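Peer 1: Make the full structure from the sequences, and use the hints.
Protein sequence lines correspond, in order, to chains A and B. For the first sequence, position 95 matches number 95 in this note's numbering, and the numbering has no gaps at all. For the second sequence, position 784 matches number 784 in this note's numbering, and the numbering has no gaps at all.
There could be a bad hint or two in this list.
Here's a subset of chain B near chain A, in silico, CB distances under 8 angstroms, partners left out [claimed, not checked]:
1) Glu91
2) Gln98
3) Arg101
4) Tyr226
Everything labelled a hint here was simulated from the structure, so no lab data went into it. Since the model is a prediction, treat every value here as computed from it, not as a measurement. Beta carbons are placed, not taken as given, at the ideal position from N, Cα and C, and that holds for glycine.
Now for the letters of each chain:
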Amino acid sequence: MDSIRVTVRIAVCAFVIVGCLWGGPSFPPAEEALGAEGIPPDKVADYIHAILEANRTIYTTSIVNRLQEKGLLSATEHWEQDNTLPLPAQFLQHTGRIVAESGRGIRFRLIGLSPIYQRNAPATQFERQALETLRKRPEQPVTGIVTSGKKRYFQAIYADRAVSPVCVSCHNTHPLSPKQDFKLNDVMGAIAITIPLE
Amino acid sequence: MSTTPSAAPRKTRWGLKAKLIVSMLVVGTVPLVIGLGMAFWQGSREIRDVSGESFKALAMEAARKLDLLVAEEIAQTARMANDPAIISELEHRRDTPQHHRGAAVETSDFEAKWAAGEPNTVRSVMENPLSALLREYYTGIHNAPGQLQPQIVRASTKMLFLTDVHGLLVAAIGEKPELRHDRTRWWQGAYHKAVGRLFIEDIHFDKRVNAYVFTISVPVMDQLRYEVVGVLHRVIDAKEFFSPATHAIRFGKTGHVMLIDSNGLVISCPILPTGVPLSDPNLVPLVTPLQPGWVQASSDGHGGRSTSVIGFAPLPETSRATNGSIENGSWHTFVWQASDEIFAPIQHLFTWVTVFGTAGLLLLAGLGYFAASRIVTPVRKLMQAARAIGRGELKTPIDIRSGDELEELAEEFNRMNQQLNAAFAGLTDQVELKTREVQALQQSTDHILDAVSTPIFLIDADEQVRYVNRAARESFGMRLDQSLPMPFFDVLPLDSPARQRLRQEFRGDGTAHAREQTSERKVPRDPLAPAGDQEPSDHRPEFHIGSRLYHYQWFRLPARPGQEPVIGLVLRDTTDESRLHDQLVQAEKSGSLGVLTAGIGHELNNPLFGIIGLGEAIQEEQSLERAKAHARDIVAQGRRMATVIRDFAGVTGKEEGDQTVPVSLEEETDRALAIVQSASDMKNVVVKKLYGGGVRVLARPDQLQQALANLITNAVQAMKGTGTLTLTTAWSDRIGTVTIADSGPGIPKQHLSKIFDPFFTTKGQGEGSGLGLTVARRIIRKFGGELRIESDEGRGTTCIVTLPAPPAASGEDTWTPSASQSESPSARLSS
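Peer 2: Below you can see the structure in the form of structure tokens.
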């Protein structure tokens, strides 16, 4: 395996060096060349989204639902004080926070047009439009490049459905929830994945 | 109601009245005290529980209110942080390169000027457009319509400033802050690795604003909400901020709500100053759990040590952000009221119940006194009447009209008094009659005793004479008017040995000695035995007074109830009787001697006449042969006389040498047999010897030989020279026995009782002295043995001699000398 990897690396290096010597201005910039060779950001976002969905589904169905059915432990909003389990939405938010704290640049969060807390409202016009789009057409994610000052980011926004009765019941009963008529499998909001492009 | 002292037999400590009153009081007091105590205890518990629950609810409500207050402030700050102008300015500052040299120099130069307070520099920050924007927010211009910012909240904010992503000051209002903040705790907490986090800093003292403050730091996110581009920081005077909310909640005199942090520092309290810790550190863990509740603690946290009921609740949202997260700290409300005040109602109740209870007890005591008097008065009357009955003085009937049992009791008393009076009257007559009877009995006894001619004394245990009869008075010269009691030995002038003896007998019951005397008398007396040592005169119940001899006898009288027993002494003048007795004994002795002399004379006379006759015949006899035959006859007659004399000597001779030695019974029996064979004709007597072998006894050999010889002689004579003589010896435990049995005609029954009497004989005149058995028995008895004769008439007689055996340990050593000793007398006798 190692020998194969080394061989591949040598081959890549050789290709780049040769390309540089030969190509000159007629060749595309290194980034673009890498981008062409590397994984496109929408693909990366897709991978990440798949992992996020899988993690949360496992958490919801195999942990929360089972513990709740057995009457051992339930998921509540103030889980830290109540000494209970975090809600599946909080699970995703907190993993997003941990990922952000790790400093790798990639971030994801839950956003919605009718959030319980205002901090989860769309931050930008792009996000707002994406949410509107996803409400009508949830199958395809909305992707695009956004800027903050001089910084550029790739954003992919995936529709998020009410995967569990817990989601519906919480949003429909929470005093701060502006919309209280969600049904199971409704598009409640979206997962926004942001990848820096620098 | 008063009792006369003379009538009271003893002092009673508690009167019936006092007991009745005390009983009523106890019956009233005990349930009152127990009930009061239990009510107080239960009431206190309930008040505590109710107060605790109320305090908990109040603490929760206050926590919610304060939480909302903080949340509102955070929301307001967050609104500023979301302002697009601020965000774009901070994004711009983020994107501006900071690391080139010129920028660094510019920054350090700016810092120095800022620190020095250079007015232009300060103004460039404090009055730049962003600062103006912050002030606009602060004054509420950007608030939603109708949303007014409370004046107090606004006034409590002491500093409000904005830093960029590097922690450098961007804009500020209020007091002048530092320029750099990237190393402060709140900045790092809010920046949180560019992720951003609400950070509420715990209470602390800020020198700039000169107050205890807490701070709210809100991260400013970029417009994508991707990362932190700056921090908005707000410094708030804790007391000013919270006091309108907390100080308003007061109940009672001391009840209030306060806010503390998880370290026990007071954030806001109407009583304690902000920033001081709770007085009791042990209280902190009790009141700072993350759930609301109430607790009964041993102190109140305000310096008091009394047991307190404290309600508490955390501020949920605020605590979540305290020092970055809930683990790093939390804020709690604390509801407390002084115990005195909480328990005041129950204490008032207690006081009032005590007051009314005391009043009730006083009333009870008064009523008790009244009731007791009603009961006790007739009882006292009865008591006095009973005393009067006891003295026999009750003349008028008792008059009690209470209509209850006491009246019945009084009637019973009256009836009893009548019956007692009647009974007493009859009793007195009977007592007089009995007394006369007793006197008559006593007189008759005295007369009888006086009529008895022997003196009689009655002596008590102290040797005092209690009574003497007339005979005693006359005998001992007592006057009739001699006063009794008097010492016994003054009455009887005895010599000291007699006095001693009488005293001993008197102490030792006086009767034992007399019994001993009579039992001794039952042994038949041998008239020939020396009488000197057999009956010492001082064992006789007799004493001499002057020349008179008195025989006395003690007798015991039954003791009268309550008196010591009295012992009686009867005297009998035996002076004349004794003299007669002596004369009788003398006569008897003389008679015995006469019989003896006659017997001896008779025994000796016949052979003596034979010898004289034969001697005369020899004188005239020519034939030598015949003369020799006569001489032989003379020798035979002489021998017979010698036997008679020997027997006689055996009876009367002095027993010398009582020392016994071990001897062989068989050998002595053989020697005795040899003696008899030499003297008697035993040709037709078959001698059977059934010896046990080696039987030894303690005896003197010569005397034993004589005794055995006497017995064998008797046996041989009884068989009249023809028959079987059986000699048997045996040895058993410490006793040697020899049996001499003949096959003669036996002894007739009427003679069996007399055979041991001296001179009793069944033989013809001259055949025996009648002393053989007597002598034999005396000898055997002397050795400590016994002689028994059994006879079956027509079949023969058996003499059984038992003698003491020497101790087994003595063995053969002692045997040899005793055998050699016994050799010489037997040799002498047999020769």
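Peer 1: Going through the numbered hints above, which ones does this structure break? Give me the numbers in ascending order.
Peer 2: The structure conflicts with hints 2, 3, although it agrees with all the remaining ones.
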